[in-house]
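Let chain A serve as the given structure and place chains B, C and D on it in line with the hints.
The chain contents come next:
4 protein chains.
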Amino acid sequence: MKRVAIIGVTGAVGQEFVLALNKHPWFELKQIAASERSSGKKFVDAIRDPNSGILKWHLREEVPEYVKNMIVESVDDIKPENLDLIFSSVESEAARDIETKFAKDVPVISTSSAYRYEPDVPILIPGINDDHAELLNVQRKNRGWKGFVAPLPNCTTTGLAITMKPLLDKFGAQKIIMTSMQAMSGAGRSPGVSALDITDNIIPYIPKEEEKVRLETGKILGKLTDGKIIPADIKVSCTCTRVPVIDGHTESVFVETTKHADPESVKKAMQEFSAKISVIGLPSAPEKYLMVHEDPTRPQPRLDREMSGGMSTVVGRLREDTVFENGIKYVLFSHNEKMGSAKGAVLLAEMLYKKGMI
Amino acid sequence: MKRVAIIGVTGAVGQEFVLALNKHPWFELKQIAASERSSGKKFVDAIRDPNSGILKWHLREEVPEYVKNMIVESVDDIKPENLDLIFSSVESEAARDIETKFAKDVPVISTSSAYRYEPDVPILIPGINDDHAELLNVQRKNRGWKGFVAPLPNCTTTGLAITMKPLLDKFGAQKIIMTSMQAMSGAGRSPGVSALDITDNIIPYIPKEEEKVRLETGKILGKLTDGKIIPADIKVSCTCTRVPVIDGHTESVFVETTKHADPESVKKAMQEFSAKISVIGLPSAPEKYLMVHEDPTRPQPRLDREMSGGMSTVVGRLREDTVFENGIKYVLFSHNEKMGSAKGAVLLAEMLYKKGMI
Amino acid sequence: MKRVAIIGVTGAVGQEFVLALNKHPWFELKQIAASERSSGKKFVDAIRDPNSGILKWHLREEVPEYVKNMIVESVDDIKPENLDLIFSSVESEAARDIETKFAKDVPVISTSSAYRYEPDVPILIPGINDDHAELLNVQRKNRGWKGFVAPLPNCTTTGLAITMKPLLDKFGAQKIIMTSMQAMSGAGRSPGVSALDITDNIIPYIPKEEEKVRLETGKILGKLTDGKIIPADIKVSCTCTRVPVIDGHTESVFVETTKHADPESVKKAMQEFSAKISVIGLPSAPEKYLMVHEDPTRPQPRLDREMSGGMSTVVGRLREDTVFENGIKYVLFSHNEKMGSAKGAVLLAEMLYKKGMI
Amino acid sequence: MKRVAIIGVTGAVGQEFVLALNKHPWFELKQIAASERSSGKKFVDAIRDPNSGILKWHLREEVPEYVKNMIVESVDDIKPENLDLIFSSVESEAARDIETKFAKDVPVISTSSAYRYEPDVPILIPGINDDHAELLNVQRKNRGWKGFVAPLPNCTTTGLAITMKPLLDKFGAQKIIMTSMQAMSGAGRSPGVSALDITDNIIPYIPKEEEKVRLETGKILGKLTDGKIIPADIKVSCTCTRVPVIDGHTESVFVETTKHADPESVKKAMQEFSAKISVIGLPSAPEKYLMVHEDPTRPQPRLDREMSGGMSTVVGRLREDTVFENGIKYVLFSHNEKMGSAKGAVLLAEMLYKKGMI
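Residue numbers (this note's numbering), protein chains in the order written: chain A, 1 to 358; chain B, 1 to 358; chain C, 1 to 358; chain D, 1 to 358.
Just chain A, with the same shape it has in the complex (with noise of 0.2 Å):
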């Protein structure tokens, strides 16, 4: 069993890797850290809000019993010598120097967005991108760490890239325009966003999110020569935006493609990536990784967010777009706090460990 632990425990990021790692096969949660008012208490102790007593825990399975009583530590107490693996979901400006602390010692699996645009690091989506897993060794070697920092994508991007992996290989692709409807357990727990804000309403503006999606869609979708990843060559635009739905981010999105692409002929190739997807088998890899939905009525959040638990990205709505020369649009929906966060980091972590690379 490889050694892991979580630091940033508490926060929404946290608690989901503390349900992704419940009874995982390979990995045992040895240590957990949090911000220094949560250390020294029992993990089901620091979440609780000390006002209104409420647990700040939202998610549908209880708090594992496995978990409970471990004690939360500070950052600093965390050794990373009796460690193999960590898990980092630290959202403050603190991310950066506790993973550049850690990664000198050991592989930090990180879902902040601290390291994401240096250009010795991979933003990795297991099954879109796993090539450049070998841009991992370039940053050690770099840097003269024994451990890396390998970052997930921001949640909004994953869905994005996913999709477009299987029509960029297919048909090549040249624009994207996009809008997001994201979910509010996007914007975190403590204390996320406020039931004033978002009741009946729409917050059209998530900051810096969009030149994120930008950015990362560019990186993920280019090509890893020569120890430097070029970003595809495909512009993006996008409008992100808060929509009062509690899990899954939807995303309507419009292509342009190089080659034109009916629908059928793109369901055809999204269900054969599918269905031939790097990752199957792994503990976290899910049933189906990309779905397509004939219904028009779906994805439905409520509804698509529990397929094979949150893990399978889900696709709708495909038709001809009539703007673009050769267009495709279609309705993405990728949950946020499972493929899109800790338990796509918990299957990443997989994914490098078959490599031999944790």
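One should not assume that every hint holds.
Copies of one chain are not kept apart here, so a pair can be met inside one copy or by any two copies together.
[Said to hold, decoys possible] Here are the simulated DSSO-like pairs of lysine-lysine, each with C-alpha atoms no more than 27 Å apart in a straight line:
1) K41 - K101
2) K23 - K288
3) K56 - K267
4) K268 - K68
5) K276 - K175
6) K41 - K208
7) K208 - K56
8) K235 - K208
9) K235 - K223
10) K208 - K268
11) K267 - K175
12) K175 - K235
13) K101 - K208
14) K208 - K42
15) K56 - K41
These aren't lab readings, by the way, just hints derived from the structure by calculation.
It should be emphasised that the depicted structure is a prediction, and the values quoted were computed from it without experimental measurement.
Below, chains B, C and D alone, put in the same frame as chain A:
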């Protein structure tokens, strides 16, 4: 005072007509009609759900006193010879027959789609294409009618066409890609969207909506020449979704203009257009026809739906778009039950009255 | 395998029956019926809304494969001679006629109120008043039927009666004051509660509900003597409201007991009762029949509705009440569509089967 | 014009004060204060969330012009010598110290609970216990203050005490059992209730709320004799819950009266009481102080929160109760941020001003 009737008075739009005509300086409500099921009842009894006992009235204002005890008649009992104008909000397939019958004698202003796509029927937004009203005279002559049918656009088209008009005039426009996040009240009241369908959810499909927006935007922004409307040469593609918002449609818009249009110039063009709008001074006209927010978190349905009583179209997040050659993107908000429907229809009636057409 | 049918299969409760009977070890679904409008259609087509295209299926689990293509029959085409048991969830006024017709030949377990208040008809909650099942034999004899009608209580009664049973047994009970906060799914699916009525709102009235709870609680907690049920001598008063919650009823309960009952003793009484519940081991029985939370922020619908697949009744906030002489107050949660409806009906069928009555 | 200040101006209640004092005929806002974090900023900048960029202002009306550019001061910089009155809505533990400091020089009207339970401090609801204002003079003398502290009750007490007053006067009252369904705005704005906690959910617990309602109801309905308040001899027991409603508390109330009180007499008593209410004619007084609905589906938060600008207390579902000997039950609605908070505090100030106490 012009004598008016409302057909379809018990529905969502009919109820808004009731409010919009309350104490109107020019129009006096003389008759109200709905389906057989309601006829013979007082208005206030006709809108109560027989099972739950709930009054199917969802407007902030109480049911106005003037209409509470008016008797709902069957459509067949409406006598056009006693009327100067009919507002029709019939949504069923009967709309076409009903409107045809009355237009023989009296002007009909309609929120239904029954006549929208006929060559001799303009789709009118007061302030945007007032000159198309001339086509109503052609229609009269063609059909040998004393009255006419003047339809409004679909409520999702309204905000798009209004915001596009100053863009088109100033910069030219080639392409529009739009994703809508539409309010639940757009689906009517009896029964309307089920809470079980939409709570914590998004429905990514509204039957026929996208094609309506495409056709209507072109027609409204087109030119009337020789008794015909030549649609504007703009490609429009959209995805229409339903979100858990009570009132007001939000639209994420990406436009390719002919000339370069930077955000500051677009803002100025919209504000100048708004300042000189034709409908200024009409009883139902908003103080600000088109509003542009600097605050990136606006427009928001809950905050912007009250602007000028729901008659303002509100724009925010004006930014350069990076996909189109000359691209501009923004988010708009338009109140589907006010400017986009009954109150917009009353504003249209006011405009036609001023032109001497009613 | 016992051969069963579902009458009213397309409704909210009917759909839960479909789930509850999926892969059932003792009952095999042979026929399904609904109103004329649905008959002749495949199940999956019968539950799609013809206007919006939305599948009127709101359960977390997908439509089970085994029922997708079953043909919905009209009620008249159901042949009782080929059946061992009928589950009826007809909610219309037709329920009485339909249940009467079938009970002549075969046992009918019903979620409707049609027969609940007849002297020779018990209202059964498996685990609470199993001994009242004996009255079904009286009913058979009285009416000359081969079958019988065995109704469940209203879903709001279920949680109240279940939590009151151990209180009554251990301490005696005089008075109950209850305020319910009921889920939207309790109002059915076609059309169900309108989102415009309930979003950001409470409806403080549910027609007939309060009287049902009063009558049924007394009857269920009563004694069967000489072929008659003597209702428990408990005064019950309640106010029933509808709140914006998808599934699961919450009830705030104040009880005057005969003997003093401190919170700790009540908790113990409930837990001991639960541990020895009669239905243990039946296929649909919950792991915990009655759960008591210490955490004062529980029960919460979103967190507690999953407990044992919706079959647990969950209690929290046990406190001394200061108004009654011997007063205890608490909040309970009961899943209106699981234990309170179809799945509870299947559990009842299992109990009757074990008793040899089916 | 009396010169006033608001302490705690950036919070939920503080913002309501800003609205309630806009264009007030008697009171002029001279100073505003909040915590150190806000001091030195313009009001409009102080209420913007630094992370999301969202303006933490949730009121239908826009931020009034008169306050937008006022500088928020630190509490220490408020000079009581330049003021005639202070409105305090500090919610933290600092409330007591702050109010003490200012009351030495100037009257303080407070929405906090800091002083509510002191023997020489009345809890005032204008219109209900105006005579208790006399105790403020005792307080002044006792403490050697030039000013005084006059607190409002908790927002959940307000509606209960208002509806109980005519009942008590006319019929006498022995016992009250109440379950509240409280709005999210009652929990403040920074951060306020998290959308992830409350969407599709109920939280059955609000720390300390139930005890506050019990104590305050007795005190408000009590008698002032010899410089002391003898609490009313009514037993009160309640369960307080949080529901997904934006504004306005709903309460389900069961009362045992001393004399028999049928619903019709109660209605009449409430209406007569309302017609002669003491506050008639004050600038912030509602047109109808207490409204009684016949429609059993009312009150509803979304429909009733606008009544007289949120200053009416609204009653519905008046029925005989079957548990108490002389029992009456009803549902009430009271706007927690208007009559139950800042606007009620301004009405209180108006009442005290008329009495010459400010």
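Status of the hints after comparison with the structure:
1. Taking identical chains as interchangeable, the C-alpha atoms of K41 and K101 lie at most 27 Å apart only when both belong to the same chain, with a minimum of 24 Å there against 38 Å between chains.
2. Taking CA atoms no more than 27 Å apart as the test, K23 paired with K288 passes in both settings, with 22 Å inside one copy and 23 Å between copies.
3. Taking the closest pair of Cα atoms, K56 and K267 come within 27 Å of each other only across two copies (25 Å); inside a single copy the shortest separation is 40 Å, beyond that limit.
4. In this homomeric assembly, K268 and K68 come within 27 Å of each other (Cα to Cα) only across copies, at 24 Å, whereas the closest approach inside a single copy is 45 Å.
5. Taking identical chains as interchangeable, the C-alpha atoms of K276 and K175 lie at most 27 Å apart only when both belong to the same chain, with a minimum of 26 Å there against 37 Å between chains.
6. Taking the shortest Cα distances, K41 and K208 sit within 27 Å of each other only across copies (25 Å), while inside one copy they are farther apart (34 Å).
7. Taking the shortest Cα distances, K208 and K56 sit within 27 Å of each other both inside one copy (26 Å) and across copies (20 Å).
8. In this homomeric assembly, K235 and K208 come within 27 Å of each other (Cα to Cα) only inside a single copy, at 17 Å, whereas the closest approach across copies is 30 Å.
9. In the homo-oligomer, the alpha carbons of K235 and K223 lie at most 27 Å apart inside one protomer (16 Å), although the nearest pairing across protomers, at 34 Å, exceeds that limit.
10. For a Cα distance limit of 27 Å, the shortest separation of K208 from K268 across copies, 26 Å, qualifies, whereas the shortest one inside one copy, 34 Å, does not.
11. In this assembly of identical chains, K267 and K175 lie within 27 Å of each other by CA distance both inside one copy and across copies; the values are 19 Å within and 26 Å between.
12. For the homomeric pair K175 and K235, the shortest alpha-carbon distances inside one copy (5 Å) and between copies (16 Å) are both at most 27 Å.
13. Only within a single protomer do K101 and K208 lie at most 27 Å apart by alpha-carbon distance; the minimum there is 26 Å, versus 44 Å between protomers.
14. Within a single copy, K208 and K42 get their C-alpha atoms only as close as 34 Å, which misses the 27 Å cut-off; across copies the closest is 25 Å, which meets it.
15. Within a single copy, K56 and K41 get their C-alpha atoms as close as 15 Å, which meets the 27 Å cut-off; across copies the closest is 32 Å, which misses it.
Figure legend: structure checked against the earlier numbered hints; every hint is met.
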